[in-house]
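One line per chain: the protein sequences are A and B, in this order. End of the first sequence sits at 361 in the numbering used here; the numbers just go up one at a time, nothing left out. End of the second sequence sits at 1550 in the numbering used here; the numbers just go up one at a time, nothing left out.
Please note that the accuracy of each hint is not assured.
To be verified - In silico DMTMM-like pairs for lysine to aspartate or glutamate, Cα to Cα no more than 20 Å straight-line:
#1 B/1128 / B/1117
#2 A/351 / B/1098
#3 A/148 / A/187
#4 A/277 / A/330
#5 A/43 / A/58
#6 B/1128 / B/1116
#7 A/278 / A/354
#8 B/1128 / A/29
#9 A/277 / A/347
#10 B/1128 / A/30
#11 A/351 / A/339
#12 A/351 / B/1090
Note that these hints are calculated values from the structure, not bench results.
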Amino acid sequence: MDDELRADVKQPESALDEVEPGPVEAGDEELLSELREMFDRVKQEIGRVIVGQETVVDTVLIAMMIGGHVLLEGVPGLGKTLLVRTLSQVMNMSFSRIQFTPDLMPSDITGTNMLVETAGGGRAFQFRPGPVFANIVLADEINRATPKTQSALLEAMQEGSVTVFGERHVLSQPFLVMATENPLELEGTYPLPEAQLDRFMFKVNVGYPSLGEMTTILRRTTEGADISVRQVMDGPTLLRLRQILLRTPVSIPVYNYASRVILATHPESDEATDLVKKYVRFGVSPRGAQAMVLGGKVRAVLSGRHYVSYLDLNDVALTALRHRVILNYEAEADGVTPDAVIQNVLEEVRKRGEKRFGRVI
Amino acid sequence: MDHPQLAWHRQAIRRKMFRLKFRFRLLLFMESVLLGLTAVLSVSAAVVLVGKLVYLPAELRSSDTLMTAVEFVVFASLVWTLVRPVSDLELASFIDREIGQPGRVESAVDFLRRPDEIDPLYLGPFLKSTVGILNSTPDGQIIGIQLPRLWRYTVLALAILIAIELFVPVARLVSEDQDPFLLRDMQRLSRELEGTLLRATRDQSVSEEDKELFEKARELSRRMDAKTIDPSYLQDELLRLTRGIGERSDRLRSSNDQLLAELLEEIERLRQEQESKGVQNAALKRALDEMAQKTRDLQELAAQQRLRTAQELTEAVQQLLSVSEDQLSQEDKELIERLVSEMQSQLQQDQDLNRVSEVAERSLNALRKDSIQDLMYRGRDQLSEQAMEFLRSQRALQQGGNYYEPDGQSEGSFQIGMMEGIGVGSGSQGEGDPTEGGGYYGSITDDENGQMSIPSEGIGSGVGGDLFGSPSSPVEGYRTYVDHRLPGEGSELDLTFSTVLGSPAGGEVRAVAPGEIEGSFGEAYEGQIPEGEYPERYKQIISDYFDGLR
Chain A
1 MDDELRADVK
11 QPESALDEVE
21 PGPVEAGDEE
31 LLSELREMFD
41 RVKQEIGRVI
51 VGQETVVDTV
61 LIAMMIGGHV
71 LLEGVPGLGK
81 TLLVRTLSQV
91 MNMSFSRIQF
101 TPDLMPSDIT
111 GTNMLVETAG
121 GGRAFQFRPG
131 PVFANIVLAD
141 EINRATPKTQ
151 SALLEAMQEG
161 SVTVFGERHV
171 LSQPFLVMAT
181 ENPLELEGTY
191 PLPEAQLDRF
201 MFKVNVGYPS
211 LGEMTTILRR
221 TTEGADISVR
231 QVMDGPTLLR
241 LRQILLRTPV
251 SIPVYNYASR
261 VILATHPESD
271 EATDLVKKYV
281 RFGVSPRGAQ
291 AMVLGGKVRA
301 VLSGRHYVSY
311 LDLNDVALTA
321 LRHRVILNYE
331 AEADGVTPDA
341 VIQNVLEEVR
351 KRGEKRFGRV
361 I
Chain B
1001 MDHPQLAWHR
1011 QAIRRKMFRL
1021 KFRFRLLLFM
1031 ESVLLGLTAV
1041 LSVSAAVVLV
1051 GKLVYLPAEL
1061 RSSDTLMTAV
1071 EFVVFASLVW
1081 TLVRPVSDLE
1091 LASFIDREIG
1101 QPGRVESAVD
1111 FLRRPDEIDP
1121 LYLGPFLKST
1131 VGILNSTPDG
1141 QIIGIQLPRL
1151 WRYTVLALAI
1161 LIAIELFVPV
1171 ARLVSEDQDP
1181 FLLRDMQRLS
1191 RELEGTLLRA
1201 TRDQSVSEED
1211 KELFEKAREL
1221 SRRMDAKTID
1231 PSYLQDELLR
1241 LTRGIGERSD
1251 RLRSSNDQLL
1261 AELLEEIERL
1271 RQEQESKGVQ
1281 NAALKRALDE
1291 MAQKTRDLQE
1301 LAAQQRLRTA
1311 QELTEAVQQL
1321 LSVSEDQLSQ
1331 EDKELIERLV
1341 SEMQSQLQQD
1351 QDLNRVSEVA
1361 ERSLNALRKD
1371 SIQDLMYRGR
1381 DQLSEQAMEF
1391 LRSQRALQQG
1401 GNYYEPDGQS
1411 EGSFQIGMME
1421 GIGVGSGSQG
1431 EGDPTEGGGY
1441 YGSITDDENG
1451 QMSIPSEGIG
1461 SGVGGDLFGS
1471 PSSPVEGYRT
1481 YVDHRLPGEG
1491 SELDLTFSTV
1501 LGSPAGGEVR
1511 AVAPGEIEGS
1521 FGEAYEGQIP
1531 EGEYPERYKQ
1541 IISDYFDGLR
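Let the hints inform the model, and build the full structure from the sequences given.
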């Protein structure tokens, strides 16, 4: 019965003690302990401009820290662009905004080679970087451009580089794409293809402000006050923090949990829930699990913990998975949303986890 | 993280988990017991509910079965709890939930298995904080020994069981006549009663008291052979012996009667229980009849045993008398003969009393049969008359007369054959008018006017009765006993006419010469009634009688 434990107790410690723990880089512990404080300072500075939207801000910051891209969905006028701009100012990183329109060309995003005169009087092609060459890129109303133009962001988002006329140009790090889309005006839009949606780590639904937040917004924006933000972090610090965050340990059971959640969204899987089998056409790709785990790591560290909990994964599950669940027509007819499907999956997986141990105590 | 720290943290976590694993198994045991009890109670409730609708075997309904199931559940839970594997990760997951930090101890267990893969930046602080939490939290606070939440379902199942038992009315959906379980249960109960009575009868017959009486008789014989006995002493001893026989007979009789009464009471209780359920159950009735039949058999067995014992005692005294004849004076011989006669009288009394018990049993059977089958046919008055007649006969016997004079008819002793199912009684010794039959309950009297009364249980004729027709009949001048019985439903009437007196009656007609019975106890008088000479009138009476029974 307790053989496993007794064997462990009697076992000499040599097997595990011989393992030499890896060296800790100087300053990492201090930086790790300061991470939460830095995160709070960034939030505080953003909060001076952006009223409310704490969940949106948190999600955007988490994605930025771990190196993911964010798709913001919301009606115009909710401060999406202002949020991204403010974030770039607080982080002291370059910022560019691309307003996506139907006639926007890929080269308008990536840049193009231009024929220029050389110093010797000759002429040569010189690469003129597009707006994608910035630390923070705001792709405003991304669904208004053609798929060809939208796909111009694919390589940049995934590889951190663009290829123009066969020449690969590496983007500067950190690189963060913030895309917005309007869920209302769908006429004349081109829904993002699944491949591109999958490149976004999180999809955030930006909602309306509350009464108090609205009042604060009115006071701040109609009284001519000059609101400026301070720079509290820079790109290199962010990159170093990202490395530390990536080393946050995750236990095998937590990895298994993430995997079970992802498999449960696949209608053809044995793990699929009844709701998934009925309403889901395509489930979540492995990138969804990656997004959950990476987001969970940041949340764990921000919570002051040195391990990733199931709750950390649950906290980021909706934003990490909702744009990766492709529903069928029946779901649309029945008004079932991806969020409802994901909530169902999380609940079912939790119950199965308890059943797995056979406990009802 | 250096090695000593890692080893210390690992040991601290394992020690804590070792203690918590014991508590975890205890909780598992409690949970499995409650789960099993809930299942048992639910099944019991279902069984009780089904038992209200259809008959279920007694072993399925008994509390012993329930207790056996409960014991099995507890034992199985204990075994399962001991042999069930509890992994460290499973226990860690449970601890995490209890301390409200999902994934903490579980991660610690996992990280300790592969510390080289974990960044030291995180591993050290993580293990330190985890050990701190575990050590600062008492075991009872992490895994408290409390009743699992499942107890609510257990109580609910118990409440449902009690509610069904108490408040759900019996509503048989399936006729019990078709129910094999019911019949089987009744047969089993009948067999148990039979076994009990057999043992009781056997125990009585071999009592120490019997041995003592026999031993005393032998001792007397030996002393008379040795001519060392004093006649006055012999008289005292014989008197004592006689009294012993009488007392023993009384006890045997009362014991036997009590046994019979208890059995009949039990049968009656069973019948009332079934009738209270509003079910006319032919299967049950057959089973009860079978039990009553068994009782009669046992009664007969007991009576035979008593008879045999008394005969042996009588023989012993007779032997005593014969052996010492030449050594005793005439006065002593007369005294001994008187004593022997008294013992025989006692023996006769035993037989008579025993037969009264049989009459009682038959009366009960008759009452029951009539009440069930043909109340309309026979009428309550006749039944009441039978009961009163029985009571009168019993009262007369209790008064010590040992004789019964039915309705002022002529005095006569009576004999009742031990019959299977239906007995016969008749006056045995009428000295008066031949038309005044000495028969009592169970006999047919035929007067000169040809009027007959038909008993419920037997047919017989009085002394000199012309039941068999004209005086020129071959049986003229004989007292006639007619025993009969129904072999079974739909069978032909089986009347076997033979004339062997004292043989086990099994459906014979016995013809005994008047005046031959008295003083000829133990002797046989044989006479033959030629077949084919039975008057048609007699056959009609028999036929009508059995039609009435049906």
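The hints, checked one at a time:
1. B/1128 / B/1117: OK: residue 1128 of chain B and residue 1117 of chain B at ~18 Å, within 20 Å.
2. A/351 / B/1098: Roughly 16 Å between the alpha carbons, so the hint for residue 351 of chain A and residue 1098 of chain B holds.
3. A/148 / A/187: holds (18 Å)
4. A/277 / A/330: holds (11 Å)
5. A/43 / A/58: holds (8 Å)
6. B/1128 / B/1116: Given pair residue 1128 of chain B, residue 1116 of chain B holds - Cα atoms ~17 Å apart, limit 20 Å.
7. A/278 / A/354: Answer violated: residue 278 of chain A to residue 354 of chain A is near 24 Å, above 20 Å.
8. B/1128 / A/29: holds (15 Å)
9. A/277 / A/347: Holds - the C-alpha atoms of residue 347 of chain A and residue 277 of chain A are around 15 Å apart, at most 20 Å.
10. B/1128 / A/30: holds (17 Å)
11. A/351 / A/339: holds (18 Å)
12. A/351 / B/1090: holds (15 Å)
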